[in-house]
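Residue numbers (my numbering), protein chains in the order written: chain A, 111 to 262; chain B, 271 to 1029.
Quick caveat, the hints were computed from the structure, so don't treat them as lab data. The beta-carbon is built from N, C-alpha and C at its ideal position, and this holds for glycine as well. Do not rely on the hints blindly, as some may be mistaken.
[Stated by the list, open to error] Label pairs and their computed distance ranges (CB to CB):
| # | chain 1 | residue 1 | chain 2 | residue 2 | range |
| --- | --- | --- | --- | --- | --- |
| 1 | B | V908 | A | D222 | 25 to 31 Å |
| 2 | B | Q1018 | A | S260 | 45 to 51 Å |
| 3 | B | N876 | A | D222 | 36 to 42 Å |
| 4 | B | E640 | A | P224 | 31 to 37 Å |
| 5 | A | Q177 | B | D541 | 42 to 48 Å |
[Unchecked claim] As a list, the in silico DSS-like pairs of lysine-lysine whose alpha-carbon atoms are at most 27 Å apart:
| # | chain 1 | residue 1 | chain 2 | residue 2 |
| --- | --- | --- | --- | --- |
| 6 | B | K547 | B | K725 |
| 7 | B | K553 | B | K611 |
| 8 | B | K913 | A | K253 |
| 9 | B | K496 | A | K253 |
| 10 | B | K361 | B | K453 |
| 11 | B | K547 | B | K720 |
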Amino acid sequence: MNLSVNGQTIDIDADPQMPLLWALRDLAGIKGPKFGCGIAMCGACTVLIDGEPQRSCTLPVGSVEGQVTTIDGLANGEALHPVQAAWVAEQVPQCGYCQSGQIMSAVALLRDNPNPTDTDIDGAMADNLCRCGSYPQIRAAIKRAAKSQSET
Amino acid sequence: MGKILRRTFLIGTAAIAGGVAFGAYKIRTPYPNPLEDNLAEGESTFNPFLKISSDNDVTVLVPRAEMGQGITTTLTALVAEELNMDVADIKTEFAPASYAYFNSAMLEDGAPVPHFNRSLTAQATRTAMGTVGQVLGLQVTGGSSSTKDAFDKMRLAGCTARETLKLAASNKSGIPIGELTAKDAMIVLPNGTTMSFGELAKDAAQLSPPSDIQLREKSDWRILGKSVARNDMRAKVTGQDIFGMDVDLPDMLYATVKMNPRLGGAMIKFDATEALKIKGVVKVVDMTGPQEELFGGGIGVIATNTWAAFKGAEAVEIEWAKAPYPPNTDAIMDVIVKAAKTGEGDNLRNDGDVDLAFADAPRESIVEAEYRVPFLAHTTMEPMNATAQLANGRLDMWLGTQAQTIVRSDVASEAGVAEEKTFIHSTFLGGGFGRRAEVDVPRYAARLAKHTNGKPVKLVWTREEDTTHDMYRPAAVGRFRARMGDDGIPRAVDMRIACPSIVGSILARTFPSIPAVGPDNSITDGSFNQPYDFADYRVSGIKAPLNIPVGFWRSVGNSYNGFFHEGFMDELAVKSGMDPLEFRRKTMAKHPVALAVLEEVAKMSNWTAANIPGRSKGLAFNLSFGTWVAQVVEIAMVDDEIKIENVWCAADLGTVLDPQIVKTQIQSGIIYGLSSCIGQEITFDDGMVEQTNFDSYDALRINQCPNIEVTLLENAEHMGGAGEPGTPAAIPALANAIFAATGKRLRQMPFSKEVDFVS
Ligand code: FES
Ligand code: FES
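If we strip away everything but chain B, and leave its shape as in the complex, we get (with noise of 0.2 Å):
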């Protein structure tokens, strides 16, 4: 890490710890446009997210990672909304990792309070840590902020370049710029004569924008609001070398590296006569690095193929040491359900009195229940992978990332670079659900690349490597309790939810010299800010001290708290003999988007007629990355086997700009929850993950794929996320879908260990 963001960070972690808000410092400073230093001939630019050339080709430049969400498309389009162009007519580029590139709405939506809290001090925090975003230039995709993030940015790149273009074509003209128009990358005269932008790019860059200009008014979207179509469908359906996989360099060698399988351990010794023996294997070479980076240790194999890697890699003898963490699950689960009966936490959420509410409570008015998930692997469909070259003191990199300024700073300390001498070159990425925000395999292709003489090396990871050294999910552990009160409604709940911390397990790794100090919000995000009122509510987030590695999986800490907190909220409409739906209404008064989401999905499910006979429905809510959801999943019972049927999602998010993209994005985390819920789960044995690759880790195939039917609405009044949010409510609809079929109430994950799934 750079002194800078170092020193930065640590401002960083305090407002993260305590939300404190810091001054100007940095805060007003702009970043340079990195556009600047390398224009081609005839390029002009005019902010860091646009380019345009005297062939008049218009490009924007795209600083978030694309992998799967369509940002192509919606972010070109809030630039071509405003330039008054087509999304086709547009081209795009991945940007360059530039700090002015930063990502401030994700850390925003990431501060320790409830989306629907707006009292001033909840608005302070936000600010805080979107600042911290900014100063520390964090260019990163995550988070479901992308298009919240670029909604203003990239529609005033698109807005200030059309008016600088008016302002030089006026100049030219001597006709007052009021009287000019933008269309189809032209300048419009009143006699209706053009000039190019092209032709008026260069001079234009060279002028201030005017100081008057506007945004358009949502009423006179062309563009926004509609669905636009994907401007990356071609590249993916024929199948050019797009991705970090297919990245092919003059006189690039290929490598694959296999770290202790017990993670964090080191490597006692190896012996690679058998490697070295095997036909175009070129070298083996220790990959252990320093002890603060937390990997532990391993080797890799350089080869003049891929093939040939992933055979030398297996013919390397190796001794192992130790894991840093109880050997099996069973050990480790001890751990966690410790920390939950015993352990000190926060409590983010903690209305009324909830201890006085239980030290009164007559028996039969308590119900209690303690839920469990585990570790869970990302397997993105594209193994983890990087390209590396170092050669004449400036080190290039080709990879898909989610985070290319912590990738540069870091591969470049790895190479000892500066980093303006350290390029990121950004692919397509096969998949990313938070697994490509990681810097450990980007780190590997900068250690191999010393060993190449100048030459590139491309590092590729087999599906084994990949499943069991992956940052997972954490497994929990959540015990609670709720005391009903006389009207049926819970009048005290009581959540305590332990697993290893997320934050801190991150920054331990990341950013080794800074103490992960405070509460980490993820361990209870999607319990302590959800929309119900109960006079007497706890939320406590405990830290799990457990030293395995875990990350930022899709919906994060709501992956399993949505299936907590929903799940047990089921449990409660039960005790209370009150209809799921009616039960929410009930406790989510207070918020009518709440509300309006749960009436939707109840008509579109027809949740209120008798069942078809054999199914059974279940719902569920959850609120996250600003986005609120009620999902209903219905099942059909063949053979004592479980059939998803149908699932109906009403999602709102405010402002929806692409909405057949946004639908497809809910739809994908729909998935991406019932796979994990099905059948996933990671294991230890010997301190070794068990499961490898799709044989013993499967995700839902096509056959097992249910109606999916996606239906936004606008009314919250701040934008949220889509990548997300479809994650966290399909597995509790699922498990309250379970319990109406079979009386059985599912606490733990996966499903498949107690009931079985059609196949």
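Okay, chain A solo, but in the shape it has when bound (with noise of 0.2 Å):
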């Protein structure tokens, strides 16, 4: 079956039962998305499809439709997304094995509200998971990425 994946198409031979995070992973070798949980729990599999945030780990490769965007195709080259350069700028990550996870769900946010609050923040982040505990981080980041896009 093909897949669109960071704007390009692979073919790969996936049982369409098999979760995303799975084929992704194991089939095409994009290791970005991360495994955590399994049932949609800790989101450290968030994908973007067509723009919207989701638990690749409990999707069904089989169902998938649209453009997938991993963390691995959110750079342009060297240039950082200005979501991953707030990140770099905040120092978030610690472990670093929930981030791929948390900035894809920062940038779905921000495409969807460029100037978020505290609260604003918190609903569209509950369901990222970090076990290191980066939240002040986070909140910092998404808010200093906030900032760069507006002035951009």
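Mind docking these for me? Both chains are given alone in their own frames, and the hints should help you get the complex.
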């Protein structure tokens, strides 16, 4: 079957029931989305499908239509996406394992809501668990990214 | 285990058990530099921590696990300071497994003596313990010890390299060494011309370093003591495949295992017929290991992708045997309560005469309380995994581990390969918290690799397997009493604490031939070694006989003793009629470092000001891993639900190498502690853990996360750690705030059993 991931069409031989996460990771070699729980409870596997954040661990690959964007396709070559750049500026990651999911959720939030309040941030990011507790830095980075996007 | 390791560990256990110092055996022999055998073309090495290429690439070898604490940055900074380079200009690689990377600081700090006790006997015990780490070559990341252990070693690595490079430049140029300086990976001559480290490295590596080298004075530090941009940020925001989970090798197979959910129980039989019908499933194998490893029975499913392996494991029909412990939480807790009531234990603290103090105590002067905490899982964000390949007489392992040399010796014996033919390739860790110091998962991966005809196999646990097969933070019970003096200060404090022994559990599964004898100071760590002064003060630790696997969980014994001790101190403050801050000022008066963190946190939290209406504060103190911590938690009541608004923390770990990283680590520890006490518990039914995933075992989410402010002080004489000391005090500070708000004294975790939190 064909999937459109990060602007490229990829051809994989997958059971349509296989979650998109494992099709990406094991069959297509795209390792950005992480496995954390497998039941849509942690957000580590978050990808965008036509811009909407989705938990790829529970999404059968056969049902995927539209453009899939993963963290691997977020930067423009060497130039980081503004959200990634804000993440570096605020030194958000600790172990880093949850961060590709956090960043993808933040990208989706800022697209819909360029100036989120704390409450908006809490609402949009509560499904993304971080066992290292990087939440205060995540809040700061989202605000920083919002500011940098509004300036450009 | 190799024979030598076994023998030396016996000595180690003796030292652990009795604080026995042992002689010069092996101590003076330095380990060979493991880099020497594996240098690429043009590379030279100066010591196990540093290599330089002819292209002038300077690479620091990081021997510790990076699991969130920014260790690749701070360890590089130590070398960079002495090389006179910037952190950003130095490359890093994870070091191979080698005894040369032993950690002595962890064991020194783990000695059964309070941090503030610097008597000769206490120091001798510390040295003996540190020597155990050295003799065993324990390359471990734990005990919040990485920077402390590296502080001299890695500065010396940079300093000796710098001076030998200067010597080589002096030999070449004929200019006296004293007139040369190092800058930006160059040796600079007085006339301004330069010779690069790269062009000097080959010659320099052959020279003995000058003997009169001197580390840079603290007052001259350019990098250390300041916040440095972390060198792992880009990799961690671009989703690069840097974790064990992401390892990808040609012809790799995928696997998962399913072990008896009754931990350590056997497998009676299994039927793989249905599993083998699933597309992608290659093989189902019996994973039961030798009896003494204590992991029990189970199966492994090898497949062409992870999902097929997961589905395959679900489809295997298995009959499990019983658990080697009582089947449910009540029966398990009964064992611990009984130990707390009547068991015999050690008294790591025993000042004055407690029995005498209670013998004639008037009833109204006595305060009594019983506290308890549940088992807890680590739930690292990245589920357990490891990749193994056994081919051509060598074993290669790719994984994130907190214990490289222990893993190496274990998987080597598992695969029947010599340690010299066993190679550990370290990755980043998606969280460790102590869980990745265990050998079970690496061992399983090596076991699976025996079934794949030389192909690499990546073992990944489901979250369910991870949560239900942890080496848990033990459940514990504390029974306390105090006799108040006439001045309101407790005259006698008597604490009995019981839980399954962590050290005993770890020794039993990691070094099966060695009996765990002597006291396990982790049982009372955080109670026996606090800087309070009471005339009669006794803390007893009792091992509860339970075969549930328990292990190191962020801050270890402090994770519950912090709650026990500081919860009880708050009760005593109430009884004395004193403000909790004033109470601690009086009872820790002899320890200015403790007083300073208390005063600082009081200032930060505006402790003495009246509460904002609807809000309350709680205070707690803890000294762990050499770090003195005071915390205030402020809560708000929102429609009878508790919202944690603020946490203020003052921490003193003596010398701070990177303030931002340390603050973030303390913050991380606070959130980890709050997560645990708000709602986490591991319970058992029918011998099986009832919590399986984040739906039944959750942690703090961003919407529940308070504002957290951390201030670092540097009064302490000895260096402390950063990774764990944030955790212990957060828990009692919250409990004490809840008492202040509601009058309800919480003596049990999780608090959600008795109060509701805003979610
Ligand atoms: S792995 Fe998909 S939400 Fe956790
Ligand atoms: S940074 Fe480690 S889980 Fe979020």
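Check: Which hints, by number, does the structure contradict?
Finding: 4, 7
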